[in-house]
Structure formats: C-alpha cells, structure tokens
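Asker: Put together the whole structure using the sequences plus the hints.
Residue numbers (my numbering), protein chains in the order written: chain A, 1 to 523; chain B, 1001 to 1321.
If you're looking for bench data, these hints aren't it; they were derived computationally from the structure. Note that the Cβ used here is the ideal one computed from N, Cα and C, for glycine as well. Be aware that one or more of the hints could be misleading.
Said to hold, decoys possible - Covered stretches of chain B (in silico footprint by chain A; criterion: 3 or more residues with CB under 8 Å from a CB of chain A, positions within the stretch not fixed):
(1) 1072 to 1086
(2) 1094 to 1107
(3) 1144 to 1156
(4) 1161 to 1175
(5) 1274 to 1284
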Amino acid sequence: MKLRTSTILAAATLIPAMALAETTLVMPQQDEPRTLSPAPSSDTGGHGPTSNIYSHLVVMDWGIVEGVAAYPDLADSWEVSEDGLTYTFHLNTDAKWHDGEDVTSEDVKFTYDRIIEEGYTFSSFLRDVASIETPDDDTVVITLDKPNMAFLPMMAQGAQWTGKIYPEHLWADQEGFDTGPYVNEPVGSGPFKFVRWDRGSAVVLEANEDYFRGPPEVDTLIFRTIPDANVARAEFDAGQFPYLPFNYAPPWAEAPMLEEDPNINVVYTPSHFSRDIQLNLNHEALGNPLVREAIAYAMDREEMNRLAFNGSWTPGYYAGVSSQAKWINEDARFPEHDAERAEELLDEAGFPVGDDGWRFSVKVTGPNISDCTAITEILVRQLRDVGINAELDRFDQSTWFTRLQEKQFDISCYFGRYGPDPDAYREHFSTDGARNFMSYSDEELDQLAAEANTITDEATRQEMYGRIQEIVVRDMPYINVFEEQKMSLVRPGWTGFAVMEDGFNESISWFGVYAVSGPDDAE
Amino acid sequence: MRLLRYFLFRLLQMFPIALFIVVINFALIHMAPGDVSILLAGEGADPQYMEEVRQRYGLDLPLYQQLGAYIGQLLQGDLGLSFRTREPVIGIIAERIPATLLLAGTALVLASVLGVIIGAVMARRPGSAMDTAVTTLSISLFSIPVFWLGLMLILLFAVTLRWLPSSGMVSIAGPREGIGYILDVAMHMILPVLSLSAIWLGQYVRLSRASVSETLAEPYVTTARAIGFPERRVMSRFALRNAMLPIVTVLGLELGLLLSGAVLTETVFSWPGLGRLIYEAILSRDTPVIMGAFLIMSFTVMLAALLTDLLYAALDPRVRL
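Answerer: Take a look at the structure:
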C-alpha cells in the first residue's frame, strides 16, 4: 500500500516535467460548449474546440481584413465558371479522418446535403445551391440556381461556425447531426484530435500527427471555461495562459499602460465590422429624416474616441470600413459633429424645445459588449446636449436581440458588417434584410442590392454599391460610428494566433490555433 | 411511531408545495423576455428553421399546454431534455452536485463550527477589546460581496504570491486519481472555501455570541454557577446547548441553500458546480435545466426544514412533535 502511494506521488511529480518537454496551450473561453457537434446550432462555447477538430471545405480567418474572400482548407483550389453558376473544388488528397479513413468528396456532399435537409443554420448560405456532385473522390462540383457573388465568401465565413465537414462513414446512420456517439466525442479531420471533455472545466485536444498540412506546433490544446472576465485577466497575469482573446478585453483606458509592459504584447486587429447605431423608423421622431440627420450632427465621434477608446479607434464617417476599402464610396459621408446645426434641424423638423426642456424622448440600447456600452453612455449625453431626452435602456444579450427583432427599441448600438462580400449591404438595408431592424425600405436600394449580387464584373458592382451607400447616407436609417478594433493580449514569444498578422491564412478559421507557436524555451 | 407518522406527513406535504413551486417557476421563467429559439438557431437563422426549433421543443404550444406537458413529465420522474445539449436534465444536474456539495458543504461546516466556537468565547468576555475587534471583523466579513472577496483572494494568492491555483477544480494536466488527485482538488478548494466561509463565518459569530450571552444571563445558569459547577461544564452543558436552537435554525436554512448558495463563488472560481450550471442555463434560457435545478433545490430546502424540526426535538425536550 505504501509502495503504491509513493508510485502515484512519483507519477504526479513527473507530469509537470513531461509537460515541459511539449508545448501545451491553454485557451480561455467564456462559455462552456453546449455540444461538440457544430452543425445544429451556433454555439459560442463550441466554436473553439470544433474549429480545431473539424475541417471545412473553404474557410475564412482574420485575413479577411486584407480583403481575401476565402481560404483553402479541405479544398486546395477551386474554379468558378464564367456564368458564375458552377464552382469546382479540388480537395487535398492527403486529408484523413482521425480514425484513419480518407476524406472524400462524398463526405462534403453528405454533410451539405444533410445540413440543407435539416434546415440547420448553415443552410442559409447554401440557399442557392441547385446540386452538389462528386465526379471523383477529390472533386466537388456545386451548381447554383442563379449567380450569387456572395456565395463563396459567405460560405467560407459561415463554415467556421456551423459549416464543418462530417465523416459520412460514422454519421450516415445517425439522425441529424445532434444524436449518437459522435456528438460529444467528435471525429474530424482537423489539426487536433479530441481527447476528453471535463464538463464544467475544459475540453482537451491533442495534436493530429497525420494532419494533411503537417502536425501543428502545439502538442496539447486545452479550452478552459472561465466565465468571469476579471478572473481570466488575473490568470493571464499569473501566467496561466499566454493569450487573452479580445472578448475578455481589458478596458481601453488601460491600453497605454499595457503597451508599456514588456511582458505583454498588445495585438490590435481591425475587422470588417463597424459599431453603428440603428434607428427605429417607426418612432414618431426618428421616422423624420431631418431628426436622423440632426442626430448624426449631434454625435461627436472624436469625443467618444477620446473618452471610451483612448483615441485608438477609427471614427466611421463612411457607410463602410477601411478593411473593405475597395467598396467604400468616399462621396457618401456622414456629417461631422456640429451641435448647433443639429438643433437647427430639430427645430426645422418640428421638434422645438418643450416646456419641460426637452424636444422628445428616446431610449438608447445596445448589445452587452463593452464598446457598445461605452458608446451608448456617451451618445446619451451628446443627445441630451441638443435637447433630446435620451435615456439608457439595458438588457441581457438575448433580451436585447429579441427586442431588436420585435422592433421594441428606439436607437440601438449595433455591429454592422461590410464583408466578406458587399452583399452585406443587402442584409442590412434591403426591405427584408435579416439585419434590417430599422424598418427601412427603399425601392431603388432593394433593386440595386438584388442585382449587384449577380454581377461578376467588379467595376460595375463597385458602382452599384457606391450608389447604395449614397442612398443609405441620404436617408440615414443607421449611422456609422466607429470601425471595430479588437484588442487581445499575447505573451511575448508566442506567435500565430488568429488575431495576429502571422496567423492570417494559417489559422484555419477565427478560432484556429494551427499556426500558433510558443517561445523556444517552453519546448 | 408518532415521530414516524409526523415525518411521513411532512414528506407528503412536500408534493403540493413542490407543484406550487413548479408553477411559480414556470410562470417566472416565461415572463422573462428572450426567445430560446433565437439562441438555439443563432442570429440571422432561417425563420423556417426557427419555427422547426420551436416545434421540436414544444415552444409553439400555448403556455398552459407547455406547463401541463411539463408536469405530466415530472410525474413520471422525468425532468426532460436540456435545450442546449439535448441530454437528460437529471444527468446534467447530478453531474454537478458533488462539486457543489464539496465546496459549499466544507465551507458551511467550517463557518458554523468556527463561528459557534468564536462566538461562544466572545460571549464570555463581552465588551473586551478582543470582543469589539471580532464583532467589527465579523460584521465586515458579513457585508463583503463574495465575488469581490474571491477576486481579491485570487489576486493575492494566485497572481501575486502564486501559492495557490486561481480557478477550476483540478489542474488540467494533473493526476486523475489517487492521493495526487485529492491533494490537487484540496489545493483548488482553499480559495473558494475561504471566500465562501468567510461570508458565512461572520454571521455565525454574531449569532452565537448573541445567543450564548443571552443564555448566560438566564437564571438557570446563575443557579448552575451558584451550585458550583465548573465554568466549562456550565458553558457546554447549560449555556451552549440552549443557545444552539437559533443557531440550528439558521444552519438548517443554510443547509437548504447549500446547493444554490454558491452561484457567485462558483462563477468567480470557475468551479464546475450546480451554481454555475444555473448561471449558464439562465443566460441561455435553458428552461428545462433551470426548472429542474430549482425543483431539486426547493426539495433540499424543504428537507432541510424538516431535518431542522427533527433536530429541535432532540435538542429541546419541550418541543413535542
């Protein structure tokens, strides 16, 4: 008995020594995964593990900010027919499932067919697909009903959340992608293999030595659930992990102090999102275009930038962001701060200052993200300065989103998206757009947006999206405020995280750590 | 025999109360805004898929039908499937209970035993400098928000001194069995137990001090002292025993809250227990898990109340059940 105890103790002390010989990477994440099967629903806790276990047909990583439409993953290369209807993907011939079977075109067809059949989230990106054919093991041919310029980039972007490729030989006799033994013991073809999931604590993965692009540098990859941002920060400071992702972002006011710290590498990543406000056009005052223009004048982005972001964000005066610069129409520009002009416009619009000292009341809300919180707090004050009785209205994330969809809001901070394809304008501003919570409707814009998505010539598209921006800036159903900027913290010596430039095109998805490499002395 | 009948009666009484709790919980959860189908299907999902999700989970039915179906299910001992993971709720909850019991149970025992002893000692020297210091300290402990205390402990012991792990229940690369595992869990327990019991401790010190000094002023204590019983005997046999009643009441109440009382502590320390499960379930509107957890928690509260009543009878012969 005594002997056994000492053996276990010896083994216990040996483990840290063994860990030193390898690179172990702990990635903190806020949510526990719901399941480890990515297709049935978007799952913030699951994206990290599944993006490293599974592969995608094509994928997107933060290289998107350099204007790339899609990166290869299982598909090494692809061609698009001249009419924009047929996409031919050539698969990497070395790709294997973690159980040793070959990845074939049949797996891709099986996965996509089932996603369409079950109506899972990713099927919205496959809406225009007429047929998926597999002329041989390494070729997938996808034919569309009608040309859709956004098809490839949107499919690549969506793939990292819910469009990963499943092994047909294991899933064929399961119902959907949410039942059976492989839901929480996934077998994929990505750079890491599943080891175990300790409920409530961590998901452990190990390097896939047979990965078709070569084994990753990290040997053991652990996704740890740490719900509290302060605790995550404390653990990062204590050296428990080398990377603090932007969703735990420390307050922007701390940025200059962090930059001084030689033990921290502050990484800024631009994105294809903006921070903007959506205005509910059903509101009595906000329905008036003059009032919306007045709000644009009342808004002081420079002051917001100084107070909230330490001056490090880029104010957004265009209906676009600079990471998608080639689509921006610089002639369509939101007005700069001019409080007097704002008051004039409000008088003209028929909203003079009343007996109570206010012109009208609005509630300002937003998603539960720290930058929107800061923006709305300052915006409320700026609106009050021109006589609008603005008040903050806060909700948890799901309530906020429900209210947005039910149009129970006046003004809301929002994360507008401008890429990976400018078809995003249709999503935000066309009458039936999924991100149009403003009840905005313009016939010319609807037609332009529908047509621009089918045109293969880039110059013509540019012109059409330029016109769309003119219409949007004329009507101002939304007002751009900032280009989004993400701040992550990395320990010196660690490279290749998805948010870093050397991770672009290497990360394989926004959640991928394939390109990550630790400092030499940690190995 | 009478005791047994009383016990069974009280046990039976729990079911209508539980039903009442289920209905109230159900109403409360459904009054909260937010639609689980959006959370499940994801932002910008196909409306058709969302409709399918609603149907699959029975969310398209009128509320009273949903409630009826849920109660029917409960009567068969089935807590349903989690919206999030589609696993049986009973298993999800059972998996988390040991971690919570370990954390909250240790903290409660520590806080109550230490608190009663400290309080009793202080009661013998009321007004002394020591007494004033302890009273002030226990009031401050009682008023500190537990998440703040937790964060400060993490900053001091895990970040600055690096003596103890900051969060989680086990080291990820650590041993999975044997002494090494037990030591590992023990190390991880120190900070959360400390912050949780510190909060409770203040309460027990104050309670026990007040209660003991009250009984010490009773005539029978004076009589016992006059008879010449040694002070230690007066204390343990007469004073403390009678002072236990209010303490047991509070302990009983807290025993009932054992499963739910550690939500904040578990969240701060990433402790894989029931409290954090509830926190996550509420954020994701996982109604079956919330309802299941509330139901099990209300049963523990009721059981604890019953146990307290039984303990009363043992402690105070005047209480006849």
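Asker: Each hint should be assessed against the structure and marked as holding or not.
Answerer: Verification of the hints:
no. : hint         : verdict
1   : 1072 to 1086 : holds (count 3)
2   : 1094 to 1107 : holds (count 3)
3   : 1144 to 1156 : holds (count 4)
4   : 1161 to 1175 : holds (count 10)
5   : 1274 to 1284 : holds (count 6)
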